[in-house]
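Asks: The residues making up each chain are set out below.
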Amino acid sequence: MNTQRAKYPFAILTGLTLVGALAGCSTAADGDTAPASDGGDTSSTTAPDQADATTTTGTYADGDYTESAEYQSPNGTENVTVTVTLADGVITAVKAVGDGDNPNSKRYQSEFAGGIADVVVGKNIDDIKVDKVAGSSLTSAGFNDAIEEIKADAAS
Amino acid sequence: MVEQIAARVEAFDRTYSRFRDDSLVSAIAATPGTYRFPDDAAELFGLYHRLYEATDAAVSPLVGRTLESMGYGRGYSLRPEAERAPVPRWEDSFAFADGVLTTLRPLVLDVGAAGKGYLVDIVGRLLVAAGIDGFVIDASGDILHAGDRPIRVALEHPRDATKAVGVVELAGASLCASASNRRSWGEGLHHIIDATTGLPTDHVIATWAIAATALEADGLATALFLADPARLARDFDFDYVRMFANGRIERSTHLDGELFV
Numbered sequence: 001m002n003t004q005r006a007k008y009p010f011a012i013l014t015g016l017t018l019v020g021a022l023a024g025c026s027t028a029a030d031g032d033t034a035p036a037s038d039g040g041d042t043s044s045t046t047a048p049d050q051a052d053a054t055t056t057t058g059t060y061a062d063g064d065y066t067e068s069a070e071y072q073s074p075n076g077t078e079n080v081t082v083t084v085t086l087a088d089g090v091i092t093a094v095k096a097v098g099d100g101d102n103p104n105s106k107r108y109q110s111e112f113a114g115g116i117a118d119v120v121v122g123k124n125i126d127d128i129k130v131d132k133v134a135g136s137s138l139t140s141a142g143f144n145d146a147i148e149e150i151k152a153d154a155a156s
Numbered sequence: 001m002v003e004q005i006a007a008r009v010e011a012f013d014r015t016y017s018r019f020r021d022d023s024l025v026s027a028i029a030a031t032p033g034t035y036r037f038p039d040d041a042a043e044l045f046g047l048y049h050r051l052y053e054a055t056d057a058a059v060s061p062l063v064g065r066t067l068e069s070m071g072y073g074r075g076y077s078l079r080p081e082a083e084r085a086p087v088p089r090w091e092d093s094f095a096f097a098d099g100v101l102t103t104l105r106p107l108v109l110d111v112g113a114a115g116k117g118y119l120v121d122i123v124g125r126l127l128v129a130a131g132i133d134g135f136v137i138d139a140s141g142d143i144l145h146a147g148d149r150p151i152r153v154a155l156e157h158p159r160d161a162t163k164a165v166g167v168v169e170l171a172g173a174s175l176c177a178s179a180s181n182r183r184s185w186g187e188g189l190h191h192i193i194d195a196t197t198g199l200p201t202d203h204v205i206a207t208w209a210i211a212a213t214a215l216e217a218d219g220l221a222t223a224l225f226l227a228d229p230a231r232l233a234r235d236f237d238f239d240y241v242r243m244f245a246n247g248r249i250e251r252s253t254h255l256d257g258e259l260f261v
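Quick note, the sequences are listed as chains H and X, same order.
The numbering of the first sequence is our numbering, which starts it at 1 and goes up by one.
The numbering of the second sequence is our numbering, which starts it at 1 and goes up by one.
Please keep in mind that the hints were generated in silico from the structure rather than gathered at the bench.
One or more hints might be untrue.
Label pairs and their in silico Cβ distance ranges [as the list claims (entries may be wrong)]: (1) His254(X) / Asn144(H): 33 to 43 Å; (2) Glu70(H) / Ser77(X): 42 to 52 Å; (3) Phe135(X) / Glu148(H): 33 to 43 Å; (4) Phe135(X) / Asp64(H): 50 to 60 Å; (5) Asp56(X) / Ala141(H): 28 to 38 Å; (6) Gly75(X) / Ala154(H): 14 to 24 Å; (7) Ala141(H) / Glu187(X): 22 to 32 Å; (8) Glu70(H) / Asp39(X): 35 to 45 Å; (9) Ala7(X) / Ala141(H): 18 to 28 Å; (10) Asn144(H) / Phe135(X): 21 to 31 Å; (11) Ala7(X) / Glu70(H): 46 to 56 Å.
In silico contact screen, one side only, chain X against chain H (beta carbon under 10 Å); selected entries [to be verified]: (12) Tyr72; (13) Lys116; (14) Asp142; (15) His157; (16) Asp160; (17) Lys163; (18) Val167; (19) Ala179; (20) Val261.
We put the CB at the ideal spot given by N, CA and C, even for glycine.
Based on the sequences and whatever the hints tell you, model everything.
Replies: See the structure below:
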């Protein structure tokens, strides 16, 4: 997996001018670019390693430009929205908001040890102090009887 | 109070059970038509629809016929039929509006993924209505807690019932557990069905979900077998633990508990 992709939205900081719309490489880019003031040439999508290029293809009006993108992380698809403020052709402010910053959503992560989920060791229930035990629900008498029948048939 | 609860549980069973021939679900499985459901159905069908969308149709209330063809039906033959029935698409199967279900062909509904959790919530509401605001309802793996004193719940190891894989603190919420170990009756035959393949799933072997309601926690515990937690997190607010067939275990970041790894 290309983890550099996760850093792509922030590569835009290195340019002196706004080069183009934010986009994931192989995933479709969401959202649209909306400058706060009109005019402005939001040129075409560039690949991540070209984000540092400073050649401009047009002049950009001052204002805020916002783009959203999806990228792949070990947790799955994540979203980020980046707003760049332009003044006199110079980026004066950048704001990036990802899923985890949204107070209405929780970010879920695996417990990784060296990038691999931990292996269960377990503890004896008798050795720990708990009020309840939660596992799969117990099966009914009908089910249990049927299982016994199957076992008996298999044995005979 | 006990009688009131018992009567309510019986009424729920009489509507939704696949295992009794006098239930509404059995009538729907025999004959197409329009059927009036009790008022509790809207919330249950609503949750199923959310899960259906959030899991790209992997969790579905239409796995009943598939389970029957695997042997898990009335009479508990537990012997698979020669041909497994595929799971029909929701869009092709029924319409549910204003408490009325309409079907064009016999349909076997199975609400095992979230039905018990829903019943736990219903019982909880009865207790609250009677002025009982501190309680724990334990429906064999589906727990609802209310009141001031949190409880500690051990997460049972799916391969060794004498062991726990972790412990969580539960306070004013529901914890529901799901695993493929008990309700299993042969090689590759257990009750957690991926509706998109019609097959029991084998990558995840146990899940625990914590949510505000047992309806959600129960439904999510099933969904966690079949969908990515981050994806589910867009539509639901929950914490979770899930264990894989290779013995590895995963948890949500903000889970109030610890894992024994």
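Asks: Hint by hint, which ones does the structure fall short of?
Replies: none
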